[in-house]
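Protein sequence lines, in the order shown, are assigned to chains L and S. This note's numbering applies: residue 1070 is where the first sequence begins, and numbers increase by one. This note's numbering applies: residue 1070 is where the second sequence begins, and numbers increase by one.
Treat the hints with caution; some may be incorrect.
Copies of the same chain look alike in the list, so a pair counts if it works inside one copy or between any two.
Below, a list of computed lysine-lysine pairs in the BS3-like style, where the Cα atoms sit at most 27 Å apart [claimed, not checked]: (1) 1323 x 1368; (2) 1368 x 1270; (3) 1180 x 1330; (4) 1230 x 1210; (5) 1149 x 1091.
Because the hints were derived from the structure by calculation, they are not lab data.
2 protein chains.
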Amino acid sequence: MNNKLLVLGTMAYDAIETPFGKTGKILGGCATYIGLSASHFQTECGLISIIGSDFEEEHLNLLKSKNLDLGGVDQLEGEKTFFWSGKYHNDLNTRTTLETQLNVLTKFNPKVPENFKDASIVLLGNLDPNIQLEVLDQMHKKPELVIMDTMNFWIESYRDKLDELIGRVDVISINDEEARQITQKHSLVEAAQDLQAMGPKYVVIKKGEHGALLFNGNDIFCAPGLPLEEVFDPTGAGDSFIGGFAGYLVQQKKISFEAMKTAVIVGSALASFTVQEFGTSALEKMTFEQLVQRIQAFKSLTEFEIELI
Amino acid sequence: MNNKLLVLGTMAYDAIETPFGKTGKILGGCATYIGLSASHFQTECGLISIIGSDFEEEHLNLLKSKNLDLGGVDQLEGEKTFFWSGKYHNDLNTRTTLETQLNVLTKFNPKVPENFKDASIVLLGNLDPNIQLEVLDQMHKKPELVIMDTMNFWIESYRDKLDELIGRVDVISINDEEARQITQKHSLVEAAQDLQAMGPKYVVIKKGEHGALLFNGNDIFCAPGLPLEEVFDPTGAGDSFIGGFAGYLVQQKKISFEAMKTAVIVGSALASFTVQEFGTSALEKMTFEQLVQRIQAFKSLTEFEIELI
Chain L
1070 MNNKLLVLGT MAYDAIETPF GKTGKILGGC ATYIGLSASH FQTECGLISI IGSDFEEEHL
1130 NLLKSKNLDL GGVDQLEGEK TFFWSGKYHN DLNTRTTLET QLNVLTKFNP KVPENFKDAS
1190 IVLLGNLDPN IQLEVLDQMH KKPELVIMDT MNFWIESYRD KLDELIGRVD VISINDEEAR
1250 QITQKHSLVE AAQDLQAMGP KYVVIKKGEH GALLFNGNDI FCAPGLPLEE VFDPTGAGDS
1310 FIGGFAGYLV QQKKISFEAM KTAVIVGSAL ASFTVQEFGT SALEKMTFEQ LVQRIQAFKS
1370 LTEFEIELI
Chain S
1070 MNNKLLVLGT MAYDAIETPF GKTGKILGGC ATYIGLSASH FQTECGLISI IGSDFEEEHL
1130 NLLKSKNLDL GGVDQLEGEK TFFWSGKYHN DLNTRTTLET QLNVLTKFNP KVPENFKDAS
1190 IVLLGNLDPN IQLEVLDQMH KKPELVIMDT MNFWIESYRD KLDELIGRVD VISINDEEAR
1250 QITQKHSLVE AAQDLQAMGP KYVVIKKGEH GALLFNGNDI FCAPGLPLEE VFDPTGAGDS
1310 FIGGFAGYLV QQKKISFEAM KTAVIVGSAL ASFTVQEFGT SALEKMTFEQ LVQRIQAFKS
1370 LTEFEIELI
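Turn these sequences into a full structure, and let the hints steer you where they fit.
Here is the structure:
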């Protein structure tokens, strides 16, 4: 197992409104969050994405400074970068999309660079399942671990391709509503069983402020949501989570339920930083020492002594 | 500290409909669930409640067989026991009340038996805050620990009395929506801070399938929800929880954040049994060995190794 992590996803500009404020165009996209999150670990991490000529040098430099390999990022001259704008409601659990400009995304033909065709871990961020499959097909051999994310849009409109993809991955990471939507089961235990029957040995179900669940056969792990005084902007939380999850595993060079338990906590800790500021700010500034402290906080949060009689 | 636990609450008959079935009149009421739950621990537990002449001998015998002291239970000749009937919706998180017959509850003048006026722990189950205060006023001295529960109805319509009560208890145990309703804060961390400022040193916030949070100053403990394949009937889950919480503490004769962490897990384990069958059935049959096994399951569910680099 090498320490190469290949990440497919969008690089984008976002404009975000929350009850606490409003941004102009800021750096976003799932590959961005995943990469910044994974960059905290010892990994050779390459991104596959597409951007327009409006994508700023400053942002390319930021990603490069975090040792992210951009050899798989296509920049289209005269085209514009994917743009999303949305508004979060008061409880921060729901949001309304104000505008989506696909721009370069409509011309995305992902190309895996030669030096990443043997990556141990491939992380397929939320995108059209056809594009996710295209990346998988370009690998030299089956990676040690393939992880995928998706969202309601693909579940509703691309179900056949999505099922084909789910059949080919080892880990699916989705939120509780998406798990219920795919399986039509309300119980998350039953939903996770059904998802495993579709292919992936490991199922991660994200529950937002309530934490995350990891399923593997009959084993279940429950990561708490860190009770935060204030969530500022939930954008990128799921991507930061899975980026940390994958970055930790590829660094450890270990694929097991035990390793994934810690990986889920690592991912949760990274996501807890992301939501404390707009966009990628917190993720950029965070030190490894702060990350370790927060992981320790997750441990303290759930530890208790059994002492009966 | 003695091992006496005094419990105030309703003893009732319920008729329950869930997506899985429907019951006739079955034993219910918060004092019943609390008592049955606490009876699994070494405690002298007395109930204060009121019942009608229709309350069946069989049910009185059941409670006596669990060593519950019924000296504080008033039986009114020619009157009927409190009756509630409700229907749970498909997701089991919401329910509609079909019928409420207050019956004897309108004539409830709680009387604390002499031998319980020195109880170490007093647990004020969900009832009119005036009645909860009346019980507190009858104690010989301030108990080691006073625990209270309440619900949206009292928050909306009895706010002044409720605030007076909250100011006199050590632990408040409520669900997330109620915590938000009382404090008008969306963040549960902020809500718990506000609740502590109102009086109780300890705040327990129940989150249903997502577990529970315990707050004390800056310390937070997070108990996971046990992922269950099937929840059959949520009635009494919160009462089983707090009954186990109090029963464990009075047995241990320890009042501390550390002890309460375990108490929250004990309560969660008891609630996880309750919801697996209609009414009090699971709680009645459960053995102490099964309880210990389930507590161990809660421990396994959240344990992970920190192993970075």
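Violating hint indices (sorted, rising): 3
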